[in-house]
Amino acid sequence: DTEVTQTPKHLVMGMTNKKSLKCEQHMGHRAMYWYKQKAKKPPELMFVYSYEKLSINESVPSRFSPECPNSSLLNLHLHALQPEDSALYLCASSHIPDDYNEQFFGPGTRLTVL
Amino acid sequence: DQQVKQNSPSLSVQEGRISILNCDYTNSMFDYFLWYKKYPAEGPTFLISISSIKDKNEDGRFTVFLNKSAKHLSLHIVPSQPGDSAVYFCAAATGNQFYFGTGTSLTVIP
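Protein sequences, first through last, are from chains Y and U. The C-terminal position of the first sequence is numbered 730 in my numbering, with every residue numbered one higher than the one before it. The C-terminal position of the second sequence is numbered 554 in my numbering, with every residue numbered one higher than the one before it.
Same shape as in the complex, but just chain Y (with noise of 0.2 Å):
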């Protein structure tokens, strides 16, 4: 299995809402990333987790909060989200976090915040 996944593919959600964005791989990488990316901008990194802990928050708002439950699992928690939030939230992962190597992307969840 050489693929990320990320479910949902569209979310549409209310300020008040909480909702979960979910990405699964299993490819043994032990590195796992969070972007944002916004119509016609690159991806902008969010979180990184490097052996399921948090390793980077690029001054991410507190109204997104990652998790790492396990080594092939990385949920993005959501709250009260702003209209300026939706945006393609990516995730990727790659093989050692301290190495180089290139990530592996998942198609991306296509969040509006209404």
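Worth flagging that the hints you see were computed from the coordinates, not collected in a lab. All of these numbers come straight from a predicted model, not from anything done at the bench. For every residue, glycine included, the Cβ atom is placed at its ideal position computed from N, Cα and C. A few of these clues could be false.
Residues on chain U that point at chain Y, a partial pick, calculated with CB under 7 Å [as the list claims (entries may be wrong)]:
{"no.": "1", "residue": "Gly-487"}
{"no.": "2", "residue": "Phe-490"}
{"no.": "3", "residue": "Ser-493"}
Assemble chain U onto chain Y, guided by the hints.
Coordinates of chain U only, in the frame set by chain Y:
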């Protein structure tokens, strides 16, 4: 401030000819560079990479060139094929942190 830039938002090339995509970066701490290809409704797919200790890396039709003094890298695709039509992102890395360029949309005309 954008640390990795792709100044050409789009590029059109005839099938069989060479496609050259360019990327500039500002941070001299970057020591690993990658190119990703992205089709609509899909996540980016890794294409080719280069370490800062090299100036060229080749993989089939794809060659990446790195000019550290100019802080510039380029991706050459020869020969270009219609299936290469996609958005190409360059990325620069230091440690765990990857920074992506804004992307160049390549169209290969049959």
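Verification of the supplied hints:
1. With a cut of 7 Å, the hint placing Gly-487 of chain U at the interface with chain Y holds, because the nearest CB-to-CB distance is about 3 Å.
2. Interface hint status for Phe-490 of chain U: upheld, as the beta-carbon distance to the closest one in chain Y is roughly 4 Å, under 7 Å.
3. The beta carbon of Ser-493 of chain U comes within 6 Å of a beta carbon in chain Y, closer than 7 Å, and the hint placing it at the interface holds.
When held up to the earlier numbered hints, the structure conflicts with none and fits them all.
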